[in-house]
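Residue 137 is where the sequence shown ends in the numbering used here, and the numbering goes up by one at each step.
Check each hint, because a few of them may be wrong.
[Stated by the list, open to error] Below, in silico cross-link-like pairs of lysine to any residue (SDA-like), each with a Cα-Cα straight-line distance of 20 angstroms or less:
#1 131 / 89
#2 121 / 72
#3 121 / 131
#4 121 / 87
#5 131 / 98
#6 131 / 101
#7 121 / 52
#8 121 / 91
#9 131 / 119
#10 121 / 59
#11 131 / 111
#12 131 / 114
#13 121 / 81
#14 121 / 98
#15 131 / 102
#16 131 / 105
#17 121 / 111
#18 131 / 90
#19 121 / 110
#20 131 / 81
#21 121 / 86
#22 121 / 85
#23 131 / 117
#24 121 / 102
#25 131 / 106
Calculated directly from the structure, the hints in this document are not laboratory data.
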Amino acid sequence: MTLVERALATRRFGPYTLQAAIAALHAEASRSAATDWPQICALYAALLELQPSPVIELNRAVAVAMHRGPAAGLALIDALLARGELQEYSLAHSARADLWRRLGRSDEARAAYERAEALAKSETERRFLEKQRRELG
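Whenever a hint applies, use it, and build me the whole structure from the sequences.
Shown next, in the form of C-alpha coordinates:
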(Lines of atoms letter the chains of each structure in order from A and count residues from 1; the text may use other names and numbers.)
(Lines give C-alpha, C1' and ligand atoms only; values in the text may rest on other atoms or scores of the structure.)
Protein backbone atom coordinates (compact mmCIF):
# COMPACT_ATOMS: atom_id res chain seq x y z
CA MET A 1 0.00 0.00 0.00
CA THR A 2 2.88 2.35 0.81
CA LEU A 3 4.41 1.90 -2.63
CA VAL A 4 1.06 2.50 -4.32
CA GLU A 5 0.45 5.64 -2.26
CA ARG A 6 3.91 6.96 -3.17
CA ALA A 7 3.35 6.27 -6.85
CA LEU A 8 -0.06 7.96 -6.82
CA ALA A 9 1.34 10.97 -4.99
CA THR A 10 3.73 11.68 -7.88
CA ARG A 11 0.74 12.38 -10.16
CA ARG A 12 2.90 10.79 -12.91
CA PHE A 13 1.50 7.31 -12.97
CA GLY A 14 0.26 4.92 -15.58
CA PRO A 15 -2.17 2.07 -15.90
CA TYR A 16 -0.10 -0.34 -13.82
CA THR A 17 -0.13 2.04 -10.86
CA LEU A 18 -3.91 2.33 -11.08
CA GLN A 19 -4.26 -1.44 -11.34
CA ALA A 20 -2.01 -1.83 -8.30
CA ALA A 21 -4.10 0.70 -6.38
CA ILE A 22 -7.29 -1.22 -7.21
CA ALA A 23 -5.68 -4.50 -6.13
CA ALA A 24 -4.41 -2.88 -2.91
CA LEU A 25 -7.88 -1.63 -1.99
CA HIS A 26 -9.27 -5.13 -2.50
CA ALA A 27 -6.44 -6.66 -0.48
CA GLU A 28 -6.79 -4.36 2.49
CA ALA A 29 -10.55 -4.94 2.86
CA SER A 30 -11.46 -7.66 5.32
CA ARG A 31 -14.61 -8.51 3.33
CA SER A 32 -16.45 -7.28 0.25
CA ALA A 33 -18.72 -4.95 2.24
CA ALA A 34 -15.67 -3.26 3.75
CA THR A 35 -14.13 -2.52 0.35
CA ASP A 36 -13.81 1.13 -0.63
CA TRP A 37 -16.05 0.77 -3.68
CA PRO A 38 -16.34 4.53 -4.40
CA GLN A 39 -12.55 4.76 -4.61
CA ILE A 40 -12.35 1.65 -6.78
CA CYS A 41 -14.96 3.18 -9.12
CA ALA A 42 -12.89 6.36 -9.33
CA LEU A 43 -9.71 4.40 -10.04
CA TYR A 44 -11.42 2.43 -12.81
CA ALA A 45 -12.67 5.70 -14.33
CA ALA A 46 -9.10 7.02 -14.31
CA LEU A 47 -7.81 3.75 -15.76
CA LEU A 48 -10.34 3.98 -18.59
CA GLU A 49 -9.02 7.44 -19.43
CA LEU A 50 -5.48 6.09 -19.74
CA GLN A 51 -6.26 2.72 -21.25
CA PRO A 52 -9.73 2.42 -22.81
CA SER A 53 -10.83 -1.20 -22.94
CA PRO A 54 -14.16 -3.05 -22.84
CA VAL A 55 -12.79 -5.38 -20.15
CA ILE A 56 -11.87 -2.42 -17.95
CA GLU A 57 -15.37 -1.05 -18.59
CA LEU A 58 -16.79 -4.38 -17.44
CA ASN A 59 -14.67 -4.32 -14.29
CA ARG A 60 -15.82 -0.76 -13.60
CA ALA A 61 -19.45 -1.85 -14.09
CA VAL A 62 -19.02 -4.54 -11.45
CA ALA A 63 -17.48 -2.00 -9.06
CA VAL A 64 -20.38 0.37 -9.75
CA ALA A 65 -22.79 -2.46 -8.96
CA MET A 66 -21.06 -3.02 -5.64
CA HIS A 67 -21.17 0.71 -4.87
CA ARG A 68 -24.53 1.85 -6.29
CA GLY A 69 -26.42 -1.42 -6.56
CA PRO A 70 -26.92 -4.18 -9.10
CA ALA A 71 -29.27 -2.18 -11.36
CA ALA A 72 -26.62 0.50 -11.93
CA GLY A 73 -23.99 -2.07 -12.83
CA LEU A 74 -26.38 -4.02 -15.02
CA ALA A 75 -27.20 -0.89 -17.04
CA LEU A 76 -23.50 -0.39 -17.76
CA ILE A 77 -22.96 -4.02 -18.76
CA ASP A 78 -26.03 -4.00 -20.98
CA ALA A 79 -24.80 -0.83 -22.71
CA LEU A 80 -21.41 -2.46 -23.27
CA LEU A 81 -23.00 -5.57 -24.75
CA ALA A 82 -25.40 -3.48 -26.86
CA ARG A 83 -22.36 -1.91 -28.53
CA GLY A 84 -21.41 -5.41 -29.62
CA GLU A 85 -18.41 -5.60 -27.33
CA LEU A 86 -17.72 -8.62 -25.15
CA GLN A 87 -20.61 -10.60 -26.68
CA GLU A 88 -18.34 -13.66 -26.73
CA TYR A 89 -16.77 -13.04 -23.32
CA SER A 90 -18.14 -15.40 -20.68
CA LEU A 91 -17.28 -13.12 -17.78
CA ALA A 92 -19.54 -10.35 -19.12
CA HIS A 93 -22.47 -12.76 -19.15
CA SER A 94 -21.63 -14.26 -15.77
CA ALA A 95 -21.43 -10.77 -14.24
CA ARG A 96 -24.81 -9.98 -15.81
CA ALA A 97 -26.22 -13.21 -14.42
CA ASP A 98 -25.02 -12.41 -10.92
CA LEU A 99 -26.55 -8.93 -11.05
CA TRP A 100 -29.88 -10.31 -12.32
CA ARG A 101 -29.74 -12.86 -9.47
CA ARG A 102 -29.11 -10.11 -6.93
CA LEU A 103 -32.13 -8.25 -8.33
CA GLY A 104 -34.27 -11.36 -7.80
CA ARG A 105 -34.83 -11.89 -11.53
CA SER A 106 -34.21 -15.64 -11.80
CA ASP A 107 -35.32 -16.11 -15.42
CA GLU A 108 -32.96 -13.42 -16.69
CA ALA A 109 -30.17 -14.69 -14.45
CA ARG A 110 -30.66 -18.24 -15.71
CA ALA A 111 -30.47 -17.15 -19.35
CA ALA A 112 -27.30 -15.14 -18.69
CA TYR A 113 -25.70 -18.08 -16.83
CA GLU A 114 -26.54 -20.36 -19.77
CA ARG A 115 -24.86 -17.94 -22.19
CA ALA A 116 -21.82 -17.69 -19.92
CA GLU A 117 -21.62 -21.48 -19.66
CA ALA A 118 -21.69 -21.81 -23.44
CA LEU A 119 -18.78 -19.36 -23.73
CA ALA A 120 -16.72 -20.65 -20.78
CA LYS A 121 -13.13 -21.49 -21.70
CA SER A 122 -12.51 -24.08 -18.99
CA GLU A 123 -14.39 -26.97 -17.50
CA THR A 124 -13.89 -25.51 -14.01
CA GLU A 125 -15.54 -22.25 -15.03
CA ARG A 126 -18.36 -24.13 -16.76
CA ARG A 127 -19.04 -26.25 -13.64
CA PHE A 128 -19.09 -23.14 -11.43
CA LEU A 129 -21.56 -21.38 -13.73
CA GLU A 130 -23.73 -24.48 -13.95
CA LYS A 131 -23.82 -24.68 -10.15
CA GLN A 132 -24.81 -21.01 -9.91
CA ARG A 133 -27.57 -21.57 -12.47
CA ARG A 134 -28.90 -24.67 -10.70
CA GLU A 135 -29.04 -22.82 -7.38
CA LEU A 136 -31.59 -20.49 -8.94
CA GLY A 137 -34.07 -23.37 -8.87
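Holds or violated: residue 131 and residue 117, Cα atoms, limit 20 angstroms.
10 angstroms, holds
Is the hinted pair residue 131 and residue 114 satisfied, with a Cα-Cα distance of at most 20 angstroms?
Measuring from Cα to Cα gives roughly 11 angstroms; hence the hint holds.
Quickly compare the C-alpha distance for residue 121 and residue 87 to 20 angstroms and report which way the hint goes.
The given pair, whose Cα atoms are some 14 angstroms apart, holds under the 20 angstroms limit.
Between residue 121 and residue 86, does the CA-CA distance stay at or below 20 angstroms?
14 angstroms, holds
Check the hint pairing residue 121 with residue 110 against an upper bound of 20 angstroms on the C-alpha distance.
19 angstroms, holds
Is residue 131 within 20 angstroms of residue 102, Cα to Cα?
Within the cut-off at roughly 16 angstroms; holds.
Going straight from one Cα to the other, do residue 121 and residue 131 come out at no more than 20 angstroms?
16 angstroms, holds
Does the structure keep residue 131 and residue 101 at a Cα separation of 20 angstroms or less?
It holds: about 13 angstroms lies between the C-alpha atoms, which stays within 20 angstroms.
Does residue 59 sit within 20 angstroms of residue 121, going by the straight-line distance between their CA atoms?
Cα-Cα ~19 angstroms, so holds.
Residue 121 paired with residue 98 [C-alpha distance capped at 20 angstroms]
18 angstroms, holds
Please work out if residue 131 and residue 106 have their alpha carbons no farther apart than 20 angstroms.
14 angstroms, holds
Keeping to a limit of 20 angstroms between CA atoms, is the pair of residue 121 and residue 91 held or broken?
Cα-Cα ~10 angstroms, so holds.
Of the numbered hints stated above, those contradicted by the structure are hints 2, 7, 20 and 24, listed in ascending order.
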